[in-house]
Each structure stands twice: as C-alpha cells, then as structure tokens.
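> Quick note, the sequences are listed as chains A and B, same order. Here the first sequence is numbered in full-length UniProt numbering, starting from 1 and rising by one per residue. Here the second sequence is numbered in full-length UniProt numbering, starting from 1 and rising by one per residue.
By construction, these hints were calculated from the structure, which means they are not laboratory data. The structure displayed is predicted, hence computed values, not measured ones. A hint or two may mislead.
Stated by the list, open to error - The list that follows gives simulated cross-link-like pairs (lysine-lysine, DSS-like), each with its CA atoms no further than 25 Å apart:
#: 1; chain 1: B; residue 1: Lys354; chain 2: A; residue 2: Lys318
#: 2; chain 1: A; residue 1: Lys386; chain 2: B; residue 2: Lys5
#: 3; chain 1: B; residue 1: Lys354; chain 2: A; residue 2: Lys125
#: 4; chain 1: B; residue 1: Lys380; chain 2: B; residue 2: Lys354
#: 5; chain 1: A; residue 1: Lys332; chain 2: B; residue 2: Lys272
#: 6; chain 1: B; residue 1: Lys272; chain 2: A; residue 2: Lys266
#: 7; chain 1: A; residue 1: Lys316; chain 2: A; residue 2: Lys274
#: 8; chain 1: B; residue 1: Lys12; chain 2: A; residue 2: Lys332
#: 9; chain 1: A; residue 1: Lys386; chain 2: B; residue 2: Lys12
#: 10; chain 1: B; residue 1: Lys5; chain 2: A; residue 2: Lys332
#: 11; chain 1: B; residue 1: Lys87; chain 2: A; residue 2: Lys386
#: 12; chain 1: A; residue 1: Lys156; chain 2: A; residue 2: Lys185
#: 13; chain 1: A; residue 1: Lys266; chain 2: B; residue 2: Lys87
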Amino acid sequence: MKKNSLVGAFKELLGAENVMESETDRMNYAYDAAVLAPVLPGLVVRPRKTEDISGILRLCNENGIPVTVRGAGTNLSGGTIPSMGGLVMLTNGLQRIIEINEADMYAIVEPGVITAQLATEVAGKGLFYPPDPGSQAVSTIGGNVAENAGGLRGLKYGVTKDYVMGMEFYDAGGTLVRAGSKTVKCVSGFNLAGLMTASEGCFGVYSQLTLKLVPPPAAAKSMMAIYDSVDKAAETVAAIIAAKIIPCTLEFMDNFTIRTVEDFAKAGLPTDAKALLLIEVDGHPAQVAEEADQVETICRANGATRIQVAQTAEEKNKVWEARRAALSSLAKLRPTTVLEDATVPRSRIPDMVRGLDAIAERHKLTIGTFGHAGDGNLHPTILCDKRDREEWHRVEKGIEEIFELALGMGGTLSGEHGIGLAKAGFMEKEVGRGSMEFSRKIKRAVDPKNILNPGKIIGG
Amino acid sequence: MGDLKRLHSLLKEIDDMLASCMRCGMCQSVCPVFGQTLNEGDVARGKIALLDGLSQQLISDAQGVQCKLENCLLCGSCSANCPSGVKATDIFLKARAALTEYNGLSAVKKAIFRGTLTHPGLFNRLIDVGARFQGLMTRKANAYHGTSCAPMLSSILGNRHIVPLADRAFRKTHPFLDTPAGSSGLKVAFYPGCLVDKMYTGIGDAVIKVLRHHGVGIYLPENQGCCGMPSLASGDTKSFEKLVSHNLETFSGSHFDVLVTPCATCTATLKKVWPMMAENLGMKDQARIEAFSRKVMDINQFLVDKVGVRPKDALGDTAVTFHDPCHLGKSLGVFSQPRALIQASGKYRIKEMKDANTCCGSGGSFNLQHYETSTEIGQKKRNNIVATEAPIVATGCPACMMQITDMLSSKGDNVRVKHSIELYAEGL
Chain A
1 MKKNSLVGAF
11 KELLGAENVM
21 ESETDRMNYA
31 YDAAVLAPVL
41 PGLVVRPRKT
51 EDISGILRLC
61 NENGIPVTVR
71 GAGTNLSGGT
81 IPSMGGLVML
91 TNGLQRIIEI
101 NEADMYAIVE
111 PGVITAQLAT
121 EVAGKGLFYP
131 PDPGSQAVST
141 IGGNVAENAG
151 GLRGLKYGVT
161 KDYVMGMEFY
171 DAGGTLVRAG
181 SKTVKCVSGF
191 NLAGLMTASE
201 GCFGVYSQLT
211 LKLVPPPAAA
221 KSMMAIYDSV
231 DKAAETVAAI
241 IAAKIIPCTL
251 EFMDNFTIRT
261 VEDFAKAGLP
271 TDAKALLLIE
281 VDGHPAQVAE
291 EADQVETICR
301 ANGATRIQVA
311 QTAEEKNKVW
321 EARRAALSSL
331 AKLRPTTVLE
341 DATVPRSRIP
351 DMVRGLDAIA
361 ERHKLTIGTF
371 GHAGDGNLHP
381 TILCDKRDRE
391 EWHRVEKGIE
401 EIFELALGMG
411 GTLSGEHGIG
421 LAKAGFMEKE
431 VGRGSMEFSR
441 KIKRAVDPKN
451 ILNPGKIIGG
Chain B
1 MGDLKRLHSL
11 LKEIDDMLAS
21 CMRCGMCQSV
31 CPVFGQTLNE
41 GDVARGKIAL
51 LDGLSQQLIS
61 DAQGVQCKLE
71 NCLLCGSCSA
81 NCPSGVKATD
91 IFLKARAALT
101 EYNGLSAVKK
111 AIFRGTLTHP
121 GLFNRLIDVG
131 ARFQGLMTRK
141 ANAYHGTSCA
151 PMLSSILGNR
161 HIVPLADRAF
171 RKTHPFLDTP
181 AGSSGLKVAF
191 YPGCLVDKMY
201 TGIGDAVIKV
211 LRHHGVGIYL
221 PENQGCCGMP
231 SLASGDTKSF
241 EKLVSHNLET
251 FSGSHFDVLV
261 TPCATCTATL
271 KKVWPMMAEN
281 LGMKDQARIE
291 AFSRKVMDIN
301 QFLVDKVGVR
311 PKDALGDTAV
321 TFHDPCHLGK
331 SLGVFSQPRA
341 LIQASGKYRI
351 KEMKDANTCC
361 GSGGSFNLQH
371 YETSTEIGQK
381 KRNNIVATEA
391 PIVATGCPAC
401 MMQITDMLSS
411 KGDNVRVKHS
421 IELYAEGL
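For reference, chain B alone in the conformation it holds in the complex (with noise of 0.2 Å):
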C-alpha cells in the first residue's frame, strides 16, 4: 500500500474531468457490461462516483475502486454516449495508473509487463518457443475455425477455443522493409501490432500486399514493441513510458507520411491515448509524441480515404457482415471506411448486422479477468452475426477476432472471422 496523500494528490489531477460528470445515468444505456449486472458500479457514473468519493476521503477502500474499475472494457461507449462529453475512458486509464501506484501491481503483472512485454526481444523469443510447443499443450477444438482448447491451462484460459500461434512470427517474414513512395506518391510506415506478429500473419501479408499494389512505400522497422495498452489498462505506466520510448526510437529511422495499422487498439492507442498520457512526459517528448500521433491511421481509413479505394459499382453476390471494433468506431469514428473497403473487392457485399457497433466484450485482460461476462457480451454478438445468415464476418481488430472466433467455434457456428484488409487484399 502506497502513500494516501499521494493517492489523494493523484486524483485531484483528475478532479476536472471528474467535475464534468453530472451524474445523469446516460451511460446506463449503452454500457455493455452494466446490460448483464445492472450493477451501478459497473457503469460509468458509478465508476466517476467513486473515484470522487475515494478523491473527496468520503470513503477509504482504494482497493474496492480499483476492483470496480477493472470491470469494465474500456469499449468507449460510455463516452461516445455521454451528454456532457465525460472522457470516461481516459479518466479510467489515468485512475487505474494512480490505483495501481497505490494498492501495488500484482506479481504475475510485474513478471509480464515489466519482466517480459517492454523487453521486446525477450518477449518474441518467449512466443516463438510457445508456438513450437503449442501442440503439446493444446488439443483440437474446432476444425473449421482452426482452434484449440488448453485442458493444462484451463486456469488461466478457461475452456476457451483459442486462435493457435503462427508457426511463423510476421516478422520472421518480413523483418525489415524501406521502399520509396510508388505511383500513390505516399509512404508509410506499417506498425503490424503483437497479434499480427504472432498470431494472425495473414493480416500482415495482405497488409503488404494492398500497400504494393497501390504502389504505397512501406518503412517497417525491426524491433516493434507492443503499443502499451495492455500494461496501461493494467495501471502499470512505468511498462506504458518504456514501450513507447522504445517505439518512438524503432520508427525515428525514416521518413514516412502516415503510419498505418491494421489494429483498431493499436490504432486508438498510438494516436489517441499516446497524447493523452504524455502529459506526465518531458516537453521534449511530449512534441514527438504529438507528431508521431498525429500521423497514425487505420489501414482503412488510409486506404479509402488517402489512397481513394472505391467500392465496386456491381457489389459482389458474398454477404459480409461487419462488426465494429470499439476502438474503431466509437474511439476513432471510423465506420464505413471498412465497408467500403470490402465492397471494393468486387467479391463481396455488407449485409448488416443488428448492433453491430456495440462491443464484442473483448477488452484486453478483460476477458481474462471477467471471462464470464465477457461472455455473455460476446454471445449476444455470436447472435446478431449468425442471425445475418452471412458466412463471413469482418472487423478491423485482431483482438475482436479472438473473441469472435472463441464464440463462433464454441457454438460450432461455420461463419468465417477475417480482416477486412484480407477480403481486399484477396481480389488484388
């Protein structure tokens, strides 16, 4: 347990954004965990509530807030909703760090953050050897989706169907690439993120192959680290200031005009919440990292919108159905960008789903915390996406297709998880 008047001090850096909450209950409607506990600390006034209350010493248990404050998953609905334009989000990573400097991180998230994830070469290694031995620790659980249960695991992982490790990381490759500005004129810098290193190297590939085709040059520096976020929503900013220290250091090497990803959280991440948390930052760093957000794009967004792709006149006969990833849509208001993009393949045509901009109860660590929500978040979203009958259905973040995956497989629904950067990238 840290010091009180610290943690006291800590907060009333916050007291502003907290001030601006006036209590409405709006966020009730809209908070997808709220929908399953319709318990008020599980919203966002109830959240705003109580860090007031633990600022204002009208109650004491920090450890009772930071609890509560982790139920959530940080999906941004609550903002995007809110009437007095409340940033929930951000008032939640910024409490989370003072909590977590309070109550303490525990060992297992030391051992991981600071042991493992801000040594990113450490930290690929440790991948590369658990893909090898994947095989070992896992067994089949669905042929169509490809995915595995982890019976040795299953008190971390549950009886998840997990999404296998890539035999090959992404970057094993393709380590290092710096073309120049083809035919679009543009250059890019690609950030693929952690799960498209190691998990779902499609995603890379098609990335690639889209920026060559439209004659995009490409600067994709070895030694990426992870964004940060998940050792941020973990309150653990001392990991967060490493990771993008040693991010800003591995891009710094070239010349680019946009730095693109194909990962909804990545993209929030390096453009949004960098800014927002520099603040604790030297001045020196604080202007790169405004200079460096500022360029950050969603590879659909850059695509459709910088590079002019255009849906198809004639719209393919396959029916996609898009769901919205949070840090997409409601983070970045980024919606038809990626419907766009997949009704420019000529193959394929969106058919909506209902709700598809509500979340799919993903949310980092989230899901491994509060697996059972999550769940409940994540089925209704298997419901929607199979009621559309569609056999495809697309989003914009590899997280997302984790947990829609785990959904669809474990209800043996034969509806394909994809990118929308891969239905593109497949008619090129």
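Excised from the complex, chain A in its bound form (with noise of 0.2 Å):
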C-alpha cells in the first residue's frame, strides 16, 4: 500500500480529499466496538457516489489490497478491524434514502444511512422498520445487514434479514450484481441477497439496499415483572409463549444488572428482586388489551411478586429506560465491557443463567446478565480491565465456556452481533466441518484473490 502511485490512483478516482493515508487517520479506522487490539489499515478511502466503490473494487483487486468496508464501526465482533496494511473503505459519504414507497411498503436505501434516521423518516410516512439495535443513533443500514443485526424487537418482528427484499452490490472485481426485487414474493434464481446478509463484507460491497416496511401496531403495552427467582422468571417466558401470545419485546434483567441500574440512573427498581422481565405486547388494540391481561395472569400464575403495569405514555417509557440504562450502568463499573450474545433456545434460559452464574464463580468475573429473553438473546456482561493481563485470561477462559455452555444446549455463538474476528475461531464447534468448507468454498469462488475482509467469519 505504500506504493506512491497506487495511492494517487486512488486519489485520481475519489478525489484527494476522499483519500485519508496520514497515521493519524488510519488509526482512526483500526478499530470498533469489540474488545479486541486495533490493526492499522494502510489507506482509508470514501466514496461519495455508489460507483465509486466499483473502481475502488477493481483497484484493490487487481493489486492484491484487502478491503474492509466501514460504515459507523459500531459493530462488536470485530467485523470492521481491517487487514495490517489494508484498505477501509467508509460509506458514510452514501446517505441517501433514494425511495420509500407507501403504496408497496418498501425503501431503497445506500449503505451509509444511519437506521434511526430511516426509522424516523419511515415513521413520517406512517410506516414501520422495525429492526432496533441498541446502537441505532449511529449504526448504519449497511453494516446492519453485514451483520444481521437484532434488537429489542426481534422476539416478534424478527432481525435485520427479515427486511432485506433486494440489493445492489458490486462483486471483488468490481461489477454490479442485482439480487432479489421490490416484490414481496420473488424466487427468481440464488437468493443471492439471502446470501449477502450476514456475509460481514466477505462476498462484496452493498450500493443499494430495498428494505421491507410494514403497518407500525395501532397500539402497544408494558409492564414490568418482578420475581425472586430467576426460575419463575424463565418460567413465565416459556408459559407466554405456550400461550401462543408473541409479545413484541420481553426482556430479562438479573438482580446483579438491577442494583447497578439503580444506583446510576435511579429508574425506581426493585434492588432485592432476583430477576425482572420487561413485557411489551402491540397491534390492534383490543388484541393488545386482551393480551396484556393473559399476559398478567401468566406471570402472576408463574409467581411474579408484583407486576407495574405502564398506564400513560410516561410510565410506559421509564419501563424502558430502565431497561436502555442496563448496559451504560454496567459499562461504568470498569474499564473494559465484554458484552456477549450467546443465545439459546428460550426453555433452556433458567439453565443458561445458572450455568453463567457458575462461570463468573468459577473464574472469579463480574458479570451482569440481561437482554432478550423472549427470543432466548441474552446479554452476559462481563466487566473487567482489560490491562490486568491475569484477570483478562480468566475473562478469556469465561468467554470461551459461555460459547460452549450456548452451545451445548443447542444454541448460537451469536444471537445479533455477527462472528467477525472475535468468535471466527469457535465458528466450526457450531456449524461443523462441512459447513465451514461449503462457506470457504463460497468465498474462493466470489473472491479468489481473498480480498473482501480477509480472516472474518470463516477465519484466515
């Protein structure tokens, strides 16, 4: 990458200032929201029009130069830390929101568009996208579907994947492919833009996205149960959801996770309660109204101490700040936050937050357990720092018994955050030998000079 010339190509191409190679602005672009070390890219590039990326493509490939595409960095597994010597390429010069079609329900997007922003605009029209990742003020559509984000919502409305209809991309060598349609229903050929979701960079460059919309639910209720014992709580997952009432959000929050909410954002917890679920279920409202009180009933049947339901506007949001506050709280015990996404099925949650209360015993961590318990999502939190080298090799050996505890039940390295670098090496011990061989093979073909995000996924 040093190589003078290659560096004004790529000057010629974007423009001088698209084109960022001083120390300083490569650093910048070496990390994300994963704990893992920084690797210094060689060149950081920016398009400003979709087109661009094809020379960018075409560039990297004919010389050999690893690319990994950057919208927000917010992701945490280590997905957007680039190739030593590499190139990022950023697409937070692509915002534009080219359509949203109210009469067949769907937006074409570029890559860069902040989700928040296209929510709230997808709302002004009366319309919904309901993929919610908690870093959605920042995060952007592209890496969203990199690497199939989740959220607060997933238990009903489902992940990133589920709204991704079609896309443009541009492939290794730089030429556009079209996948999928504005159709709902379309099975013409590969779903090649199943195929992209998910793929974390490693098959080629999204220019263009069509998303799915949806009717936003007429109305929606929360509430918020308390137990005092983790068992009850799980218990009252399973009985919702056998009661065949999918709520839109159900969330968990160990006792741990609601005295350190309390202390810092004094949201009125119960600090003795052993576990809380967050419920919320929306749509039409008497099927919210009929709902909701099913709902009461089977959490007071499964032994819920007290239960608050939201009654105006106000109390409903400070059901959730209480919970948006759980990560910040936890992050300011330590320096160094560990948030994982191990998920298993939903009736094995009483066993997965035992199993994670006996690994910070065993290996003396701090960890805080909330998060998605309707779709089984959750988030141990493991606090620590990270330059303590003797207490990091500890985290490192929890780490790896959470993933084997997630796996054992049947579970997933990673409910939402994507496999990146941070879980690349356990990705066989889920998916099996032939599946990693099928995925590199996939790879070799698409990019034969192996230059889409290199070491992602399916490992070196």
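Each of the two chains sits in its own frame; use the hints to bring them together as a complex.
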C-alpha cells in the first residue's frame, strides 16, 4: 500500500479529499466496538457515489489489497477491524434515502444511511421499519445488513434479514450484481440477497438496499414483572410463548444488573428482586388489551411478586428507560465491558442463567446478565480491566465457556452481533466442518484473491 | 519537540480515563463537528483512540494527534451522552496540556497567553487602546446588530460580523464594590469575565441592577483576570495556573456566600475545570480551589435557586427563544433557570427552538482556527432561531452571543441577541 502510484490512483478516482493516508487518520479506522486489538490499515477511502465502489474494488483486486468496508464502526465482533496495511472503505459518504414507497411498502437506501434516521423518515410516512439495534442512533443500514443486526423487537418482528428484499452490490472485481426484488414474493434464481445478508463484507460491497416496511402497530402496552427467583421469570417466558402470545419485546434483567441500573439511573427498580421481565405487547387495540391481561395472569401464575402495568406514555417510557440504562450502567463499573450475545433456545434460559453464574464464580468474574429473554438472546456482560493480564486471561476462559455452554444447549455463538474476528475461531464448533468447507468454497469462488474482509467468520 | 518519554508518562496519567471508553461510538450521534465532517478523528471515540495509540506507542505522530484534538468545540455533548460516563472534555484538556508540553506552544499563542492574558493590567490597557482605535480598522457591517467587519484583519477574522469593543470597559464604570448583604441576607462575589468587561458591559450593568434590586450584597474586586479557559484549551497550563493563583488572590479580600458569573464558560471553568486541573498544584492550593469552586454559581441559577425568583403567572406577550450554552446546560445541568428568569420579567414568554441545547459552533478559539466548520454548525443554530419567528434570542454566555450575532448579522436577520439577565433586568 505504500506504493505512491497506487495512492495516486485512488486520489485520481475519488479526489484527494476522500483519500486519507496520515498515521492518525489510519489509526482512527483501526478498531471498532469489539474488545480486540486495533490493526492499522494502509489507506482509508470514502466513495461519494456508489459507482466509486466499483473503481475502488477493481484497484484493490488488481493489486491484491484487502478491503474492509466500514459504516459507523459500532459492531461488537471485530467485523470492521481491517487487515494490516489493507484498505478501509467508508460508507458514510453514501447516505441517500432514494425512495420510501408507501403503496408497496419498501424503502431503497444507500448503505451509509443511519438506522434511526431511516426509522424516523419511515415513521413520518406512517410506516414501520422494526429492526432496532442498540446502536441505531449511529449504526448504518449497510452495517446492520452485513452483520444481520437484531434488537429489542426481535421476538415478534425478527432481525434485519427479515427485512432485506433486495439489493445491488459490487463483487470483488467491481462488477455490479442485482439481487432480490421490490416484490414481496420473488423466487427467481439463487437467493443472492439472502447470501449477502450477514456476509460481513466477505462476498461483496452493498451499493443499494431494498428494505421491507410494515404497518405500524396501532396500540401497545408495557409492563414490568418482578420475581424472587430467576427460574420463575424464565418459566414465565416459556408460559407466555406456550399460550401462543408473541410480545414484541420480552426482556430479562438479573439481580446484579437491576442493582447496578438502580445505583446509576435511579429508575425505581426493586433492588431485592432476583430477576425482572419487561414485557410489551403491540398490535390491534382490542388484541393488545386482551393479550396484556393474559400476560399479566401468566406472570402471576408463575410467581411474579409484583406487576406494574404502564398506564400512561410516561410510565411506559419509564419501563423502557430502565432497560435502556442496563448496558450503560454496567459499563460504568469497570474500564472494560465485554458484551456477549450467545443465544439459547428460550426454554433453556434458566439453565443458561445458572450456567453463567457458575462461570462467574469459577473464574472470579463480574458478569451482569440482561437481554432478550423472549428470543433466548441474553447479554452476559463481563466487567473487567483488559490491562490486568491475569484478569483478562480469566475473562478469555470465561468467554470460551459461555460459548460452549450455549452450543451445548443447542444454541448459537451470536444472536445479533455477528462473528467477525472475535468468534471466527469458534465457528466450526457450532456449524461443523462440512459447513465451514462449503462456506470457504463459496468465498474462494466469489473472491479468488481473498481481498474482501479476509479473516472474518471463516478465519484466515 | 520535547522528551518522548515524558509525553508517554503524561499520557499514562490519563490512562484510566482513556480505558473507560468502550469504543461504542454513540458520541457520533451528538458531536457537532463529526456531524459536519463525518471523520472519526473528529469525534470523542476517535480522539481517545488516538491518545491511546500514542500512549501505547502504536503511533508516533504527536503533532497529528494534537491537530485532531484541536478540532473540537469542547462543548461536552459527547460526555453528556456517553453510556460509560467517559469524561471526554476533561481528557481533552489534560491531553492538550501534555501535547503542548511536548510539541511546544506556538509563538503567537505564547505572546497572547504568556505575554498578555496573564498580566491583566497590561491586557486591559491593550484592549482599551483597541477600543479607541477600532473605528479605524473596521467598517460597519450590519446597523441592526451594530456589527462591523475588519478587512485589515481579515487574515485572522475572515469576514466575521464582529461585535465592537465597549467604549468604556465595565470595570471603569464599576471599579470596586463591597456592599453588605441586604434584604436577601446573601452576599455574592461578582466575576464578570473578559467579554462582559470589554464588550457586553450591559450584561454587567444588568447583574448589578438585579442584585441590588433583590438586596444582595456585592463584592467586586479590582484587577480581575481571565478564567484561564483560552490558555488551557490551547494546552498552556503555565498561563492557566498563573491566572488561577491571580484570581484566588483577587477574591480573597472579602467574605461572600456565592460567586456569580453571567458567563457560562467562566462558570464551568471556575466550578469544574479548576478543581479538575488542580491535581498538579500543592495540597494547600488544591484545598483553596476546592473551597472557591464550591461557591461558584451561574447568575440565572443563583437568582432562581437561591433568591427565589419565579416566573409570573401571566406571561408576557413577546416571544423569546433560548439557546442553551453547552457550558451551562450540558456541563452544569442548568436548563430551567434562565427560562424561568426570562418569564419572571413579565414581558416575555419562552418559545422553544429545535435543538435548543446543541452547540452554536463558537467553541472559543475553535472559532478562530476552524471558522468554516464553526460557521456551518452556527448556521444550523441560526436556522432554528429564525424558524421560531421570535424577535429575540436569549442565552447565558457572551461567547455564544458573539457567535449567534455573527450568524444572524451575516444573514441580515433582525433578531435581537440578549443575555437572559438583561431581559430580566429590563422589567425591574
């Protein structure tokens, strides 16, 4: 990458102001939100129009330069940590919302559009884009699709992949590929848009995404149920689903998280509770009223010591404020925050919580657990100081055991954060050798020089 | 260039503060500078990563890092929004000091801070001379705002619409005061700050009028010096510490319950930055600073929280929109009090603008170094002000007033820029 002629070629293609080569600029794109060491790229470029992506890829492919595409750099699995000396392609210069189609309920956007901005624009037209990752105020749609981001509404509304109808992307050689369509039903050819979703930048670079929109729910009701045992909370989760009610959100918080949130946010949480559930049902008003009653009954039948149903918008907001404060309150306790997202079938949540407690005890770790109980996606959050080598070693052991625990229960390494660099080494354990080989064959076929985000998901 | 080992040890001192950033990137959603440039180096996470890289010797370009650090308004939006509670502005002030020690202070800044600002007598005389001759250097830009342009100084000031220096500095009309507590039972020390003393003297007059009206005793000592923020923002701790000592000495002459200022930046500096930066000073000085800083309060907050000024039941007819200065709202948590004060006047009612608490783009010397970015951010503020159709915009910081006046004046908007205390004083 140090070759001046090549840097010159990028400048000619993009304009000098969109090519960054200073040490400080490169350092600024050496990391993401994962707790991993930074890797200094050789060059950082910013396409200002989607056609630029083609030229950038062509130059990289011809010269064998690794390319890592980066939106807001919020991802938690190291998916946007570049290769040493490679190129970082920023998408935040591609922020156009091209179309919001009310009649057919879809949106066409460029990859750098901020998730929350899209959701707001869409809501302004009386429609709904449900995926709501915790980082949505800054995360980009391109990143969400690449990592297949989830969120609080996953239980009822699914994750990002459930909203990708089609896309345009450039392959490793810079050729434009069209996938999917604007129609709800489309079965022409391979499901390339499906393949590209969650591909973490390994198969191509999105230039345009077509996203499904849905009608917004007319009503919603929220409540907080308080428990004196984790088991009772977990049994409630199973019982709600067994009653064929799918809340839009069903969140769990353990005692440690409750106490920490209360310490920092003074949200009025019961600090002696062993666990609590935050539940929201949405939909048609009559259905919401009926389901909320049913949920309340189920909570009581399963041993909730207290239930607070939000009567006003303000009270509803208070319920969710407590949940939103979970990660930030935990993060304030120690310098390093490792947020895991290993996920288990929801019937195994009590086992998972017990297992996490045992891991914390065995390795003398501080772990706060909260997360999306309804879809089995918990966030054991390890609080530590990475600079303390001995402690960090224990953390690494703990993380490994969390993965094993989840996989042993028929779960998955990642419910919503992606695999990236952080979990690439564990992938084979989850999917098996055949699956890894098949994935590598696809990768070799579509990216023979292995320039597209090498090292992610399937390793070196 | 200084000693690299020394730089690393200085950066190690802020290691704990750096380690608390979990790189989540949420600061991107609130940073005014990032909003313009979309460059990671302009947002808190990026700057912290650079300092971390420098302290761990992963990178070596100390000048490049300093350059990135300076592209920041120190508005504190990032700290206020940070999930991990990272004190980004504290980090940046300390890091600017460390990097300035290593890279050296520019000759111009040396002349301004060490040669002038730290000698309040000389500084005042220079400004007095400037006030007398400013007519020769400037031409009228906007009669409504009373602003001028300075073509001869365009290399420094660009085509800013600048507010003129006062003909007669505030300290000349009010050289010294030491009056006992009246009906309120309270006595305050009054720290006007440089901009009120030399430019917005009307704000100083309004403070005196209001304090007298409410029976508050006033201690206004002579020979007050700058709060030190301009020097500290440039990493010049030497000048900063000199100014701290000077002011402590100046205010040691009388007893007072509270020290009030009408400048949000001065308030935040005296109240929060002084103790934060006092670590390097001796124990005795630290204790003095602690005791002093505890007494510091914004004038709006003092009048509402301590004196008990309340909004009138029947609000006035004239709409006023209020801009929250970063140092008042985000740093000190003072939001409601200036609004209450304005509505206590009987003439005005608050009409909120969009994003009242986002930065106006001034940022002190940021405005001098990065005028283009400063103006782009400022124009957003201007648009939000104009959209309210209020004939008056009020705020609680003279530096914001300068910036907002420049923005409105250059667009030819007839919206009056006032300090909240001026509006309240009018009705008394």
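> Now, for every hint given, state plainly whether the structure supports it.
Results for each hint:
A hinted pair counts as satisfied when its Cα atoms are at most 25 Å apart, and Lys354 of chain B with Lys318 of chain A qualifies at roughly 24 Å. A threshold of 25 Å between alpha carbons decides the hint, and for Lys386 of chain A with Lys5 of chain B the separation of about 23 Å falls inside it, so the pair holds. Restraint check: the Cα-Cα separation between Lys354 of chain B and Lys125 of chain A comes to about 21 Å, which is no more than 25 Å; the hinted pair holds. With a C-alpha separation of about 10 Å, the suggested pairing of Lys380 of chain B with Lys354 of chain B holds against the 25 Å cut-off.
As the CA atoms of Lys332 of chain A and Lys272 of chain B are separated by approximately 20 Å, the hinted pair is consistent with the 25 Å bound. Distance hint between Lys272 of chain B and Lys266 of chain A is fulfilled; the C-alpha atoms sit about 24 Å from each other, no more than 25 Å. Pair hint Lys316 of chain A plus Lys274 of chain A holds up; C-alpha atoms about 22 Å apart against a cutoff of 25 Å. At most 25 Å may separate the alpha-carbon atoms for a hinted pair to count; Lys12 of chain B and Lys332 of chain A meet this at roughly 20 Å.
A C-alpha spacing of about 15 Å is found between Lys386 of chain A and Lys12 of chain B, which places the hinted pair at or below 25 Å, so the restraint holds. Annotation: proposed proximity of Lys5 of chain B to Lys332 of chain A is violated, straight-line Cα distance about 31 Å (limit 25 Å). Among the hinted pairs, Lys87 of chain B with Lys386 of chain A is consistent with the structure: their alpha-carbon atoms are about 19 Å apart, no more than 25 Å. Of the pairs offered as hints, the one joining Lys156 of chain A and Lys185 of chain A holds, with about 21 Å between alpha carbons and a cut-off of 25 Å not exceeded.
For the proposed pair Lys266 of chain A and Lys87 of chain B, the alpha carbon gap of about 21 Å is at most 25 Å, so the pair holds.
In terms of the numbered hints stated before, the structure departs from hint 10 and from no other.
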